[in-house]
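**Q** Those sequence lines, one after another, are chains S and P.
The numbering of the first sequence is my numbering, which starts it at 1 and goes up by one.
The numbering of the second sequence is my numbering, which starts it at 1 and goes up by one.
In case anyone wonders, no lab produced these hints; they're calculated from the structure.
Some hints here could point you the wrong way.
To be verified - Computed Cβ-Cβ distance ranges for the label pairs, DEER-style:
(1) P/I299 with S/G48: 24 to 30 Å
(2) P/L216 with S/G151: 47 to 53 Å
(3) P/G160 with S/G116: 25 to 31 Å
Yeah, the Cβ is synthetic: ideal placement off N, Cα and C, and Gly gets one too.
Residues per chain, in single letters:
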Amino acid sequence: MSSSLKVSTPALLTTEHLHWCTDGNLILNDISFTVEAGDFVGILGPNGAGKSSLLRCLYRFVKPDQGKVTFKHQNIWQINANDYAKNVAVVLQETPSHFNLTVYDVVALGLIPHKGIFERANKMDDEKIAQAIEQVGLPHKVRQNFEHLSGGEKQRALIARAIVQSPSLLIMDEPTSHLDVRYQIQIMALAKSLGITVIASFHDLNLASTTCDSLLVLNQGQLVCQGTPSEVLTEKMLLNVFGVRAQISEHHQYKVPHISYDYAYIQSEQQFEHENKKDKPYV
Amino acid sequence: MFKKSTEKKHGAWLEKNNISQLAVTVLAVIACLFSFVCALSFGAADISFTDVWQSVLNRFLPSEVENEVGFVQRIIWELRMPRAILALLAGCGLAISGLILQMVTRNPLADPYLFGISSGASLGVVILITLTGGIFTVMTPIAAFMGSLVAMLMLVVIAGRRQSQQVESMLLAGVALTFLFSSFTSLLLYHTDPQAVTAVLFWTMGSFSRAQWENLLFPSLVIMTCITFMLAYRRQLNAMLLGDESAATLGINVNRFRLIMLLLSSLITATLVSMCGGIGFVGLMIPHIVRFFISQGTIFGILLTALVGGIFMIWVDILSRTILVNQELPVGVVTAATGSLFFITLLYFRKNRPN
């Protein structure tokens, strides 16, 4: 598993034996992995597998019951929240707001970790915000109400906010859900173009395959496999984790696995649960 | 070449926006000053604009005609000026208090009175009036303030305990506290004499008639401090609008920040309720009205909300003093009636506007 990770680059973020329970349910169970600087890591798994919970542990929103997350070899709960925000930016799923915030206001929020409370934005900050808005292709929407943007534009505005934060790690929780194909490709291309380490959860496995350097697969709170897309995206894994039959071929252009689903095959809930309880290899 | 032209365009939109926001704020300051002078000019005694100006100038530049305008000066400086200042402070304070609550709870319907603070103040006053037999004393604002503080502390304890669902807890606890205090108030009023009931009823409808110079220092300090605090933390307040989780990823301790903001908002409300009685509507509607025209996330947005609140309250006070001859209407009644009509009109036209 870890053989797939590059040896030359230093570990940016590591999790060690993460356990997290809520209301008596074990949500994350003994999760350990390492993310190296510059990697684009995708987190896959069916609904309720624990993807968002794992990301919440990584961006310091929930504290694991056991185990730890280290960022640059330091436990993230020993790092000041503001200092962590200077290094790690997060783009969450669509968040509604009924308060007339403009795109500019949302992007400017990225300055928060870097500014004192009485410190005003200077010319350099304005330039930084303008460049980020330009980079995500929204200069024509800058004074528009954030609430009136399309889903893809909102995600781009939130990525611009992350750019202003100047992070070394970007975490994205299902950044392409609710987006059409064009926006999905656009958002992923944008995240990749930033040239920083990215951890993102996905539902679209083909998009994850073409975008990510390495993949982690969660099932029922456990990390069931990790590696490059070619190592992880197998017919057996798709059947055992997602309960779907599919054929894997090589994408003619990107030379990564391409999944063609068998739309006639659906496992019943009971069969899927029964299969999931078996202790079996996924890859 | 292309890059150069887009950079120019960026600079232009940033500057243009700042200028327009600054221009609107300057206009609001001018409107506020004009309203203030009007508040000094209108009233039971017929005093012209010229006399008002002369009186103001005489105060700072002693002249020979001092005796001739002495009577006018007393009306303006001892009655109208403190009253106008209190109206301005109440408008600014309640609008800012409402804006804070709406932002930290992400609830456009949040209002300083929704959290039981006004009901707590009423209960405090009713307890005092029941004990003293229906007479307003210097202790009345103190009793109101104590009642508000009790409500505020109960709210903070409940909201602080359930951190994972803080917003829901705050709103539900606020509604429950309002009903709890109102039931105690009703119970006490039921057993007290009719004179006390009338006194309490008049107090709950709000009035600036108890304004005096020596009472203005405390609310001024509270409101100035809160506005400064809000301006300093404007970015954090904006971040709260996109959700707790999103705000936490920007390094904000969300629960602590919300509690501090709740305390500030409650302090403003408690201070004003204890001085002016119950004045509804302003805290709920003024932030909405300003939001129709300008983004409230900026320094100008916050200042404009305060100014519009102040201007609105000054005119409400003018109306309440002049609408009936030799009689003063309760401020709360005028506030709710005029403000609601204006807001409904605004909603109607907004709905019919394309896009």
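**Q** None of the hints should be skipped; say for each whether it holds.
**A** Consistency of the hints with the structure:
1. P/I299 with S/G48: 24 to 30 Å: Hint violated: Cβ distance 44 Å, outside 24 to 30 Å.
2. P/L216 with S/G151: 47 to 53 Å: holds, 51 Å
3. P/G160 with S/G116: 25 to 31 Å: holds, 27 Å
Checked against the numbered hints above, the structure violates only hint 1.
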